[in-house]
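*Asks:* For the sequence shown, the positions run -2 to 394 when our numbering is used.
FYI, nobody ran anything at the bench for these hints, they're computed from the structure.
Watch out, some of these pointers could steer you wrong.
[Said to hold, decoys possible] In silico PhoX-like pairs for lysine-lysine, Cα to Cα no more than 20 Å straight-line: (1) K269 x K280; (2) K102 x K277; (3) K153 x K38; (4) K38 x K351; (5) K351 x K103.
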Amino acid sequence: MLGGGGLTGRCAVWDLAESGVFDRIRVADLDRGSAEEAARKAPGHATVTAHSIDVRDRPRLVELLRGARVCVNAVQYNFNLDVMEGCLAAGVEYLDFGGLFHTTKKQLELHGRFRSAGLLAVPGMGQVPGISNVLAAAACEDLATVDSIWVRDGWKDFTQGAPPVVFTWSPSTFLDEMVLPAMVWDNGAYHEMAAMSGGEEYEFPEPIGRTRLYRTLHSEPATFPDSFRAKGLQHCEWREGGPGIDVLQLLATLGLGSDRPLDIRGHPVTPKEVLLALLKREKLLGYPEGVKVEDREIVDVEVEGRGASGPVTRHAYAAFRSKPEWGVAATEIAVGVCGSIGAILMAQGKTVGKGVVPPELSMPPGPFREMLAARGVVTRLCPPEPPLRLTDNKVWM
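Generate the whole structure from the sequences, applying the supplied hints.
*Replies:* Structure follows, in structure tokens:
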């Protein structure tokens, strides 16, 4: 488990340990202290050990990976290719939590090498991308044609006593989403759209409710056009929104997500590094100790196409909630658990294909949804399944 001390990585570690599927789990992170804390808190009976790793150190990475059944990669997406090269050298199967479109496209170019090695690599196997991809596959399975796929993500926080701003996902990735052009697939070609453009008021099931959403850069449009080409996919895009997104946009607009150094009194200073250091110092990475986390998130995959009886509009939902006993928010647990489930299915030989294969083609929707349900995650495919009803803020029916 690379990046296993991070916000989402630690949740994957804990779910993997709790599952009882693996005898040994190696938790590796650039920050050894974070890895040790994640390992110390891991439930279950697996042997969980902590390690320090810089994934740019190829020999050390290969040494750490050798003998593993699968590598779950939760490091910053910029280093996905480094980790994949390490997995190829060590002969280990691979999954990550996303490549923010452009890195995902580069990862797909390694398909032939992984296939020749008899290995599976699954890019974008977290929450979004990840479960969004698996739900899209389930929603499109019985359709003769698919005209459009819209992936929308909305969240709402009911936590009492929380700071006004809390990061529950990589700040670097979030800030990149706020400034890099969104990629939209339309009529056989990609089109660049301004980040945070296309604002719409969208009605999610309660308790999320009406939420303003925006286009941002994401990985689903990187793989859906090829995965659903045979069904004639014409349009695909991603939108997201919820409390705090305007603060993220402001931080990004101020340049605080930039990797370009500034000269401050003769010293080069990188804005992103300063911001990350401040967030860590002010304890804004994840919720602070003693706060009971209560937040919700819904992924809504809307598919339009034609079935045996004519036009079909279908919504595939996944509803996530925080896990107060772990002290983690909905996004943290959702990303980590989805990655953990993906790794379990790979280890059990229930996935499809070899090479670099995205979740919508490699992960079996039925078993994946069953494992989500066992963890209290609600999914619906409407129609034919009953509508999603989540009217109680404390208990999601």
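*Asks:* Tell me, which hint numbers fail for this structure?
*Replies:* As far as the earlier hints go, 2, 3 and 4 are violated by this structure, in ascending order.
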